[in-house]
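Residue numbers (the working numbering), protein chains in the order written: chain A, 773 to 1462; chain B, 773 to 1462.
Simulated from the structure, these hints should not be mistaken for laboratory data. Check the hints yourself; a few may be wrong.
[Claimed, not checked] Pulled a few chain B residues facing chain A out of the computed Cβ check, cut under 7 Å:
#, residue
1, P901
2, F1068
3, D1317
4, R1416
5, Q1442
6, R1449
7, G1452
Idealized CB from N, CA, C, for every residue including glycine.
2 protein chains.
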Amino acid sequence: MTTPDRSSVHPAWLPDAATTFLCGRTVRVDGTGPLAQTVRAEARRAGATLVHDGAADLTLRDTAAVPGGEGFAVGQRDGGLDVAADDDAGLVHAWFHVVRTGGATEPGRHDPAHALRMLDHWDNVDVHPVMGQVERGYAGGSIFYADGRVREDLSRVEQYARLLAATGVNRVAINNVNVHRREALLLTDDLPDVARVAAAFRAWGIRVHLSVSFAAPMVLGGLATSDPLDPGVQDWWADAVARVYATVPDFGGFVVKADSEGQPGPFAYGRDHADGANLLARALAPYGGTVHWRAFVYDHTQDWRDRSTDRARAAHDHFAPLDGRFDDNVVVQVKHGPMDFQVREPVSPVLAAMPRTRLALELQVTQEYTGQQRHACYLGPWWSEVLRFRPWGPVDAAACVGAGADIGAGADGGPTVSDVAAGLGPGASPRVVAGRGGGVAAVSNVGDDPFWTGHPLAQANLYAFGRLAWDPTLDATGLLDEWVSLTFAGTGDEDGTAAGRVDPVVREVVHRVLDGSWATYESYTAPLGVGFMVRPGHHYGPDVDGYEYTPWGTYHFADRDGIGVDRTRATGTGFTGQYPEPWRDVYESLDTCPDELLLFFHHVPYTHVLRSGTTVVQHVYDTHFAGADEVDAVAAAWAGVESRVPDDVFDRVAERLAEQQRSAREWRDQLCTYFLRKSGIPDARGRTIY
Amino acid sequence: MTTPDRSSVHPAWLPDAATTFLCGRTVRVDGTGPLAQTVRAEARRAGATLVHDGAADLTLRDTAAVPGGEGFAVGQRDGGLDVAADDDAGLVHAWFHVVRTGGATEPGRHDPAHALRMLDHWDNVDVHPVMGQVERGYAGGSIFYADGRVREDLSRVEQYARLLAATGVNRVAINNVNVHRREALLLTDDLPDVARVAAAFRAWGIRVHLSVSFAAPMVLGGLATSDPLDPGVQDWWADAVARVYATVPDFGGFVVKADSEGQPGPFAYGRDHADGANLLARALAPYGGTVHWRAFVYDHTQDWRDRSTDRARAAHDHFAPLDGRFDDNVVVQVKHGPMDFQVREPVSPVLAAMPRTRLALELQVTQEYTGQQRHACYLGPWWSEVLRFRPWGPVDAAACVGAGADIGAGADGGPTVSDVAAGLGPGASPRVVAGRGGGVAAVSNVGDDPFWTGHPLAQANLYAFGRLAWDPTLDATGLLDEWVSLTFAGTGDEDGTAAGRVDPVVREVVHRVLDGSWATYESYTAPLGVGFMVRPGHHYGPDVDGYEYTPWGTYHFADRDGIGVDRTRATGTGFTGQYPEPWRDVYESLDTCPDELLLFFHHVPYTHVLRSGTTVVQHVYDTHFAGADEVDAVAAAWAGVESRVPDDVFDRVAERLAEQQRSAREWRDQLCTYFLRKSGIPDARGRTIY
């Protein structure tokens, strides 16, 4: 299959072929807001005939019944689909719902589970000498900035906004949480440019946020302090926020990384994070703005010799005592795990510890620790597992990880992480309920790469994030299927629905590549939840001891006898005690701790027998060989879609898979060699270990 | 003691106080060359009275007896010193000889052992995004370049040239051997600026060299090839060299890093290094220029899984077969050890393998692997040991390392490395004898830091290098004493000699800090010759496995049972076979291999008993604790010179010693922990290991 136009960017999940089923149909859009105009333009783009009254094949109505509402109800009228949207943003979501479901749109009510569905961009205005322009970005430069300023041409941003709207995302923070000197100016000097970006997103119902430095009153204002209790500081923020809203009336708010990895924060003044967050919240409150205050606070200058300090404990230690102290418009944004976006971590206990605080679940779409968009790694199943996790049980006795359970506040089995993020956790205070919690946020994986995400298949992660943020009950594999149906629309025969118009071979192969890719990545990287073991700094590729003697708090404590971190209450750091029942006991005991988290919670001998029946060291050998073999099989499978997908997509994926094969072998051989050298225990299957 | 002038740069070993013994004395300089003018200006600067005829306290005569000669003879006439210099360069060396010896200049003849005494600067014109402006530089930016071009103000270069001349250095290569695009232009567009730099050095008898890219005909000339056998390439180089000499008539020649760590070279065309070097040599020959062609060629993309490839073998494998093929004006520049400037390596066998080739010994004054000028590490003893090493024996049975032997071609005990570099090795061909070998070259440790070298005591390394290059028989501790006498002149009472004018407490403390500092650094870093174990990339601080699974060829192969690289002929890589007798057998056998090189040549169990009587693992524990303790003692000793040396010197050294204490403890604890975890063998003395 030849590539339509190599000079243009890839259409991602909105190729024209995805909407051909609407071509020639009649569409009526009732509504006077700007988003009604957006939907009319979409309909025109799809080749539909716009009608302004009377019956239509598809009618979308802005009922204005719920101000700010995003939900909609699909019904039938006069032989056509009739969609009643709560407000004009609902029109957009309804439109893309129809696009996704193609000719098979069923009647029913649709509301987002989370009010805030946000992407955080770690984009710098300047190119950072170490981190590049997009920190932890693996898809080229920034779509927002070039040549040290906001881009003049925002056409990529406009396309991006449309793609995000189609997934359900409604908030975007446009700059790195590590706010350098140049980037700080977005809050002041660059406001006219920020307004241009905001306009591009506004057309799709998305509000823009900025990351700000807690030291902005000093850096930008020339004040001598950033003390949150200082009236001059409070005035400075009030004035700064007033200027922002004068320029961007629907500005979303601030994202703040404070007292974290060297960023300034309230600790410098003997204040706590509630003091810090409320300072900004009070400046934003008159305008309806929100502070996303990150809970990623830990000692990044810890001494590896100090076995009593446990980074996993840090967020809970810092934030749980502050529950109830945060203002209504503060969202405390909590990474899904207690460490840092590893391929496997337990769910952060902070998510179960702050019922009187609006909590956002923070995920990472950019694949910092999951192959950096050189490896295929579909993260939908991982996020789904986190969203469905029940912090208060019951424990799924079979899987012992909470995965696979039904979710939703009304479902059996108790509240989930998603419920907490939606403000529906147990004991949620009125503030939390009223604010509908903090929603879901994630670090974007997009750059100015022609495929948006470097690895074309990494688009599926961005798509799945938005969809899960809207509806966390969706099945991750089903979402992948949805993404395939849209992205590869037009590769099959033309039977009138998007799904039917995908070449079944393409569908099968993409599933073959991605369905198990997260598990595969886990199998050849750090084993059994121990985490890290990556090259320091850039975090790509294996280095088992790379972080072992560093100040970062990420250790595995492997010696000649065993490995793992004892985080029990009985003999370890006591981290298990941060969980409510049942998990505090499930994780505490070797008898009940799930295999995949064993080394996160326990230090065990290499000869320890897993629940799976194999020893720890043999598990390392087996999984690493199996993982590398699986990547070979996946690469072979991809060869089957040559000429069935556009050449540029085929080539790019093939090139990435080749690197994944090389890298998986490197992981396999380094890990196996490391553990053989250390344990002296040979592989029971006699494979080559160096 | 207060600092004279904080805004000025430190005078290093030429403070005004070093020449006060000449103040008011009469000095006569006979000679018409420009260097005679330089010496007259020096005499005036010292406060001497210049006389133009008749008797003088000090007479320096350019006899023009040996064109290009640098030697001189000290005698007495009319109650004054009378120095007869071979040519005008000899006047400069004679002058500084008198300065060094103060009032105690003895009659005698002085000639440099090595004709080429060279410093290589790894300075970039631009600031490299990873390596900074000075690659492996630890003393700030470049004294040659600023703002992307050669500095307008070359006053620092002029001061530097004077300092170098006082040590005996007579060649300087002014740019990094990794020649990036900007730096390539020094050969063409920047020649007028190079000429200004050359003029600054010429005033002190020093000739300037340039590092060039082997791909220059393509990069600069737009040719399609750099093939050394291509007539167009040959013509291009001939033209380029002609332009250089038209601008800089006494240009020294080229330094080339080819087919090394990614730099281009003749291998791309199926040619060898003799073809490559001779290409440049033939362009330079008409003008008397020299090619310094580096033998640092190895596979830097080797697979760590491949145990058969041994980086230590590489230079010998590549170059020894080419012996006799290099032109008269080619110097093959050989790193002193087979790896890369580690704190302990055997002497490179290449130095014993190429009697028909002019060989230069390459040392590293910049402390890449020896503490990066944050640690005090006086390298004179290390270089002295290398220069005195006898590649053909006899073996010093006591020390088994060849150290401490008398050297010089006429001395008993056989030829030394210094003899080889001087063209006096066994079987030296007429070409080598006539060219006086290749001399000594070293990477400079100087930058635009006010103390020149970051750590003020690192000046001693630069001083000692120049002096040893002139006279390798000098005792390293004596040289340090010489450096103290000059550098700290004026801190003691005024008895008329430089030596006497140094505060004895200062002298004692500097010796306490530096005399054993190389051994101390070795004791707390990589043990027993195994090398590396540093953080990849920047090479500072410990990371035992940092290079273990990388493509760089620097492995230690530690497992739970033992450590070290088997480089024997019997069971290992066969590297020992690259040495002549007696070393090929001394190193081959565990019974005779010196302790300090044990792990370079052998893989042994942790329980192996060293010749010292202790086990390998206990040796690691003992030396690391002792080394860290010694740094504490040294830091305490330095406190004793507060108010006895200038405050800025005191403070800077104190600050660096504090970092050295921290770093030495880190090395101690990481290394001990690593080996305890791996071996399971506790410290016999029960010290704290983490």
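Verification of the hints:
1. Using the Cβ-Cβ criterion of 7 Å, the hint placing B:P901 at the interface with chain A is satisfied: the shortest such distance is roughly 6 Å.
2. Interface restraint check: B:F1068 against chain A, minimum CB-CB distance 25 Å, threshold 7 Å, status violated.
3. Because the closest C-beta pair between B:D1317 and chain A is about 4 Å apart, less than 7 Å, the hint holds.
4. Interface restraint check for B:R1416: the shortest CB-CB distance to chain A comes to about 35 Å, outside 7 Å, so the restraint is violated.
5. With a cut of 7 Å, the hint placing B:Q1442 at the interface with chain A holds, because the nearest CB-to-CB distance is about 5 Å.
6. Given the 7 Å rule on beta carbons, the hint for B:R1449 holds: about 4 Å separates it from the nearest Cβ of chain A.
7. Of the supplied interface hints, the one on B:G1452 holds, with its beta-carbon coming within about 5 Å of a beta-carbon of chain A, less than 7 Å.
Hint compliance for this structure: hints 2, 4 are broken, all remaining hints hold.
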